[in-house]
Each structure stands twice: as C-alpha cells, then as structure tokens.
Amino acid sequence: MTHSRTLSALGLYRRMAGASIVAQLRYPGTFAIQAIGNFITTLLGFFGIWSLFRRFGSIAGWDIGTVAVLYGLVNVAFAVAETLGRGFEVFGGEYVRTGSFDRLLLRPRSTLILLLGHELRLRPIGRFLQGAFVLIAGLWLAPHVQWSAVLVLPLAIAGGAAMFLGVLIGQAALCFITVEGLEVVNVLTYGGVEAGQYPLTMFGRWLRRFITFVLPLAAVCYYPALFSLNHPDPLGVPTWIGALSPIAGFAFLGVMVLIWHRAVAGYVSSGS
Amino acid sequence: MQPPVPAPDAITVKNLRKIYTVREGGSWRGKTREIVALDGISFSVPKGQIAGFIGPNGAGKSTAIKILSGILRPTSGEVQVNGLVPWTNRVAHVARIGVVFGQRTQLWWDLSVGEGLALLRDIYGVEPERFARNHARLAEALDLGAIMDQSVRQLSLGQRMRAEIAASLIHDPEILILDEPTIGLDAPSKLAVRAFVHELCRDRGTTVLLTTHDMHDIEALAERVIVIGHGRILADSPFEDLRMTTLSERILELDFHGTPPELALPAGAVETARAPHSLTITFDPRQIPAPALVAHVGHLSGLDDLRISRPSIDEIITRFYADHAA
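Chains as they are written, first to last, in my numbering: chain A, 1 to 272; chain B, 273 to 598.
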C-alpha cells in the first residue's frame, strides 16, 4: 500500500554490501593487515606444491601447469564464496546464539538477501588475487590450453563459488539444530579447498565418490580444468563433461537454499 | 485474500495457545516434554491505544510478543494484526509494524545512526520524500542531531535507545511493539522515551503494545494493563482498577517533635510502625476516607507534619502475583 518504491533484491543487496564496505574500511589499517595476511597464508600453501614439482618435475602424470590451474580455480571460487557468504559463516555465533535472528525476521525481506547483505567481506581478496595469479601462471605453463577455457573457467569459478556458498548456507541451516561442533563443516569448506587443489586420481575410491556425487567438487574444479587443458581423464570420463559439469555447483546451492527455507520454517514453528 | 474491511481493532487475539516441545537433557534421543507457554489467551487492542503487557519472567509474555511480531507460529488460536495473520505472510506483516527489543539492536554497530536509518529506508522501501519527512521529525523529537554521524558502537545506552526507537518508526508503522524499552536507562532517558511514546500515540494514533518490568513505564503510559501469568491472562483493566482491587490501602505517616502519643484509631486504620519521632498508619480509604482520618489525627499535640502515600506500583504488582500464585 504505502510501499511503492521497494528496491529489488539486487538493489538492496548492493546497498547493504556498500554499507558493509564502508564499515570495513573504517579501520583501513586492520583491513590491510588482514588482507595481506590472507594473501601470504594462501601463497605459502602453494609453495609447498610448487617445491614438490620442482623436485620431481611431474607427479603421476600430472604437470605443474595442470595442478596450478586446479589450485587457482578452487581458491578463487572459495574466495568468492567467503566474500559473499560471511553472514552464513557467522550465523550460529552472531544470529542464533544471540537471538538476533529474530531481529532479522522482523525485516520485510528474504532472510537470504539479509544474510548475504550481512557483510561483503573484503578480506578474502588476498586469497582471490593469489589464486588468480596461480591460475594464470598455470595456464601459461600447461601444454595444451584450449581456447574455450576462456568460457569454461569463469563458469567453473562461478559453479565453485556457488557450491562453497551452498556449504556455508547448509552450515547456517544446521545452526538451528545445534551451534556446537560446527567446526565439522570446515571439512567441507577448508577441506574442500585442500582436496580441490589435487587431481581426483590422488584420492581413494570413497573420497573420490564423495567429492564427485555428494559435494560436487570434481564437477566444479577437476573436470573443467581437464577440459580447459585438453588433458584426458585417467579414470576415463569423457573430457567434454568438464564444459557442463560446473552446473552441478549451482544445483548444490539450489538444494541448500531449499534446506535453508525448510530450516527457517522449522524455526518459526518451534521457536528454537 | 485478506479481508478488505479494516478491522476496528489493531490487534485481535483469540484463544491463543503455544506449546513448546523440548528435549529433556538436551540430548538427541532424549524424551520430549511439552511446555505450555500460552494457555488460550484472548484480548484485543483498539487502534491508538497504549496497552501495557506485563507479567513475571516465564509467564508467556515473550512468546505472545513473538507471535504478534510474526516470528513465531502458535500451536492454535487466531491472531489478526492490522487485519493480517502475522505468521502466514511474514514480509507483508512486518512491513507494517515497528518493534523495539530493549536488549537487541536493530541498527548496525559499525555504521553511523544516519547510515543505519538510510539502510532501513531501503529495506522497508520508504519513498525519499516520506523518509526525509520522518527523518526530520524523528531526529527532532528524539534529539538525534548530535549523534546522527556517530557509529552505533560509540553511543551510550540512552542515546542508542533513542536511535532504536527512530529506527523502528522510519517506515510509519501502524503498530509499535516495545519490549523493555527503558531497560538500563538513566532517569532522564526514561522520561524522554516515555514522553516520546506518549506523543506518538496522541499525535499519530499509533497503537503501542508495551512490555516492561519498570512499572513506572506502565503508570506513565499505559491506559490499560494486561497481566499475564502461567500462560493465562490474570487481569485486563485500566491500571487504576488494578490498584483498587489488589492493594487499595494508603499509608499515612505522621512526624512528631516528641514521642508519638498512643491513639485510638477508627475502623479501617491500623498503626503499622512506630519510631521515636514518627508513626505510620495504614488505612483502607473505602472504610475511612483520607480527609476523615486526617481530621481525626490533626489535633494531636506535637504533630509536625503528615504525608499520605499510595503503595508503589511495584508493591501492587508483587501483591497481585502473590495472590495469583496459587
């Protein structure tokens, strides 16, 4: 009735994200130290891999270029998800435990938009830049880069970001049941980043299945990388799969969003 | 879908029940137990009224407030707020109410008050002209000029509460729910909040539902008190009626320069305390009106001063709960 100028969800998100950037830059020194720290920590991780390849040249048929592309993809994707999904990451501690989720429900907007707008986190820019740098270096070093990589890699990054955002949303949904012991979910986030850095063939059968069919990590990282680098899959999956498989990341996010809505509805009827 | 005719009452509650299911011992497989938080309450609040909603901790107040705010679904019963059922369409419902939780901020710690209000403008979709008008009006009435550019983190509790109230009203809600709005505030801030709420109701016809443990809030603001206990409504009446039915007694204090004399008191009055230079008499004005009692003691020799007082609202409420404990 009186609300004729309601901003679109995207418009509102931009406004909230803008406000959170203003808030983060209020202490520019702290921000700079955190971003640089984030850059250095992630860079050190790659030095480990790099020194292995320097020593052995290639490992089990994988060259440094391919591994660098995998590493870059998963880190850039995770950095994007960390940037967007901070509100879900801190949901248990900052919303459920304190009761301020009630406050959020009092706003006439989707809870997802409000939590995305909690913070557009600038700090993961360190991981993002470092990942992007390694990704580009990998493309430089890899022997058979496909021109279509230009299209597939951004899709893979988007799919990977969607998947990790889905994990964060799923973690937040779990907070309605318990806020204890949620560090377990870090197996999927930080563990996922670690696992995504290596070719799928490095893992045993069960872990391979898990990161293919449960958490679609292989679909957003491994297969698109193989496609982009024209590298045949030692396990025999056709390479073209990698051009489409990042969609699985969005599907995973979709499922987590449904779970989220169910969890919020459950909270509203049980009050706890 | 919603009835087109506006309801005469801002809030209507009929036979509202809420039963929580809790797990014993908090374990996953433990037995569940049911807790009745609201055991069939009914009341309605006409437009423009300030209704006090009081009760001891655990009485069911917060449950009722949550249901009215649209953030909790009841087990059974009917509720209409502004003609809407709060829990069936949360977004439409919360756009038309304002809620202040005294202990939880709705502003952003790291943003200034002004930035937070501007963000709320976009969340609620308030048109720029209306926002400018409301902003100016609230800034003046709540004296926000000096703190508009300060970040919320830096505000004192009193300043923050004024900002919170402005934040809850920036979208012109027809109903304002105040949950402990004066908790922890100093005396001038309490008075400022009360004065503002009073004007809001008088000038804009906003309906206010107020929960508080500070009975002076109730005395200063509420035309009517709904007392809730054990999930039921124990009383629903103007405050003065509650006073008369619960604790109508008055207190007469007499100061003497010497030792107070022994005196024979009329029916309905009893001596309740005696000190070297004073005497306290408690009386029931329905049996012996205050002027008659004063006339009776006025001629006593050595009498310096006398005062009549009413029991404080805290005493009344304490007595009321005690009477209903059984």
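Certain hints may be false.
[Said to hold, decoys possible] If you want the footprint, here are the derived chain A segments under chain B, 3+ residues with CB under 8 Å:
1) 10-18
2) 21-29
3) 95-103
4) 263-270
[To be verified] Counterexamples of contact, computed for chain B against chain A with all Cβ distances above 12 Å:
5) Pro328
6) Glu387
7) Pro510
8) Glu521
[Unchecked claim] Sample of chain B residues at the chain A side, in silico, Cβ under 10 Å:
9) Thr347
10) Gly349
11) Val351
12) Val357
13) Arg362
14) Val366
15) Arg376
16) Thr377
17) Leu392
18) Tyr396
19) Phe511
Simulated from the structure, these hints should not be mistaken for laboratory data.
Glycine is no exception: its CB is placed at the ideal position from the N, C-alpha and C atoms.
Now the hints, each set against the structure:
no.	hint	result
1	10-18	holds (count 4)
2	21-29	holds (count 4)
3	95-103	holds (count 5)
4	263-270	holds (count 3)
5	Pro328	19 Å, holds
6	Glu387	6 Å, violated
7	Pro510	30 Å, holds
8	Glu521	41 Å, holds
9	Thr347	9 Å, holds
10	Gly349	14 Å, violated
11	Val351	14 Å, violated
12	Val357	13 Å, violated
13	Arg362	7 Å, holds
14	Val366	5 Å, holds
15	Arg376	6 Å, holds
16	Thr377	8 Å, holds
17	Leu392	8 Å, holds
18	Tyr396	6 Å, holds
19	Phe511	29 Å, violated
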